[in-house]
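Those sequence lines, one after another, are chains A and B. Heads up: the first sequence begins at 306 in the numbering used here, then just goes up one per residue. Heads up: the second sequence begins at 4 in the numbering used here, then just goes up one per residue.
A few of these clues could be false.
Pair ranges (Cβ atoms, derived) [what the hints assert, rightly or not]:
(1) 237(B) to 443(A): 50 to 58 angstroms
(2) 377(A) to 215(B): 43 to 51 angstroms
(3) 331(A) to 253(B): 48 to 56 angstroms
(4) 47(B) to 407(A): 29 to 37 angstroms
(5) 150(B) to 411(A): 25 to 33 angstroms
(6) 378(A) to 164(B): 48 to 56 angstroms
(7) 37(B) to 332(A): 39 to 47 angstroms
(8) 411(A) to 39(B): 22 to 30 angstroms
(9) 357(A) to 215(B): 33 to 41 angstroms
(10) 30(B) to 348(A): 43 to 51 angstroms
(11) 332(A) to 26(B): 32 to 40 angstroms
(12) 356(A) to 143(B): 43 to 51 angstroms
Source of the hints: derived by calculation from the structure; they are not laboratory data. Here the structure is a predicted model, which is why all the values come from computation and not from measurement. Think of the CB as a built atom: it goes at the ideal place given N, C-alpha and C, for glycine as much as any other residue.
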Amino acid sequence: MRPGPESDLIDHLPRLRRYARALTGDAARADDLVQDTVERALVKQALWRPGSDLRAWLFTVMHNLFVNQMRAARPPDAALDEAPDMPVNGGQMDALAARDLHAALLRLPETQREVLLLVGLEQFAYAEAAHVLGVPVGTVMSRLARAREQLRRDLAGEAAIPLKVVK
Amino acid sequence: MTERVREDELHAYVDGQLDEARRLAVEAWLAASPADAARVRDWAQQNRALHAAFDPVLNEPLPVALARLPQRDGARKPWKMAVAAAFAVAASGLLGYAAGLRSAAEAVPVRFVQDAAVAHAVFSPEVRHPVEVDASQSAHLVGWLSKRLGAPLHAPDFGALGFELLGGRLLPGETGPVAQFMYQDAAQRRVTLYVRRDATGNRETAFRRIHENGLEVFYWIDRGFGYALSGALDAARMRALADAAYRQLARGEAADG
Numbered sequence: 306m307r308p309g310p311e312s313d314l315i316d317h318l319p320r321l322r323r324y325a326r327a328l329t330g331d332a333a334r335a336d337d338l339v340q341d342t343v344e345r346a347l348v349k350q351a352l353w354r355p356g357s358d359l360r361a362w363l364f365t366v367m368h369n370l371f372v373n374q375m376r377a378a379r380p381p382d383a384a385l386d387e388a389p390d391m392p393v394n395g396g397q398m399d400a401l402a403a404r405d406l407h408a409a410l411l412r413l414p415e416t417q418r419e420v421l422l423l424v425g426l427e428q429f430a431y432a433e434a435a436h437v438l439g440v441p442v443g444t445v446m447s448r449l450a451r452a453r454e455q456l457r458r459d460l461a462g463e464a465a466i467p468l469k470v471v472k
Numbered sequence: 004m005t006e007r008v009r010e011d012e013l014h015a016y017v018d019g020q021l022d023e024a025r026r027l028a029v030e031a032w033l034a035a036s037p038a039d040a041a042r043v044r045d046w047a048q049q050n051r052a053l054h055a056a057f058d059p060v061l062n063e064p065l066p067v068a069l070a071r072l073p074q075r076d077g078a079r080k081p082w083k084m085a086v087a088a089a090f091a092v093a094a095s096g097l098l099g100y101a102a103g104l105r106s107a108a109e110a111v112p113v114r115f116v117q118d119a120a121v122a123h124a125v126f127s128p129e130v131r132h133p134v135e136v137d138a139s140q141s142a143h144l145v146g147w148l149s150k151r152l153g154a155p156l157h158a159p160d161f162g163a164l165g166f167e168l169l170g171g172r173l174l175p176g177e178t179g180p181v182a183q184f185m186y187q188d189a190a191q192r193r194v195t196l197y198v199r200r201d202a203t204g205n206r207e208t209a210f211r212r213i214h215e216n217g218l219e220v221f222y223w224i225d226r227g228f229g230y231a232l233s234g235a236l237d238a239a240r241m242r243a244l245a246d247a248a249y250r251q252l253a254r255g256e257a258a259d260g
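So here's chain A without its partners, still in its complex pose:
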């Protein structure tokens, strides 16, 4: 077997799948995204420089595909990067929903979700995450801070709401 991107690629598949699952919140969509990523990577493998970080490159390919999907699914004037933070809700139903990490993740704007997952789950260094996403490190840090604070409000909201005793 010839060593090359393909044989190395398989080592990265489990992590690509983990990231895609967390990013999309849906197993079938996630595997579609992984499949698209692999196909794209194989078509473009000439662009990958041996010796450079294959993992980061694969995540970059996946990021670009994900952004294109999001763009296609969104009205043209709502730029992805300017996606507003979701309003913070305090109602009881929302607090119950927030119990679910998955739901809380999906309420994050995609740009913040990507940073949070690349750093918190995939353990990329900040500079690597910036490279994958094609943004400055400062942007990674500000998105990370916003994502973590929103998640904190979302997940803590439940605990912070005092139980009402119904008489």
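Using the hints, position chain B against chain A.
This is chain B only, laid out in the frame that chain A set:
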């Protein structure tokens, strides 16, 4: 006195991306700043929650087409189509499996071979639980599967061909229980032997071969059993394994005896 730390450094502390000196500075700061310490604790908890929620994906079997990628480096014609087709086959195979009797009218061996291929695709990429009973208990394994199939089974010995028995499992088949034995070579390539009682009373013993999306399946029927050997190896190697299995099973010799 503690030195003020930057917000970014609190994050870098959580993510283990600080050098030693700054890490100590942040720890000193946190010791004196309960509010920041609480935020940092929550962020670290978020990272742990992400791992707890999504790390199990790492141990899921890969979709069959992705699992086979490294073995396809030679003839890489229409990659996209090959990958897409294999996905579709895996998905439709599983659907067919779940739908049960949908294709009961088909010729028996086709369905049997398809089930064998699907069982191979589902279980051979398993990292943690490829088999129900591992080869260290081979006597128990073979005894158990024989009992469930209602006839004495044997697991062929592929040691001379570089494949060791990993173990086996019991599966539901079209006409009753099916046994799957799994073997692995030094390069961690896996082949599975799928065995069922042959209900049709067919005495046919010729090898037949199906090649589908990189997966070779050799199947034959011999003395009341139907066998299908599946693996993503070249045909010559698969043929050698099938020959060995056929010869041993015909003589009643095997890894378990």
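Fill in: Indices of hints not satisfied (ascending)
The structure conflicts with hints 2, 4 and 5, although it agrees with all the remaining ones.
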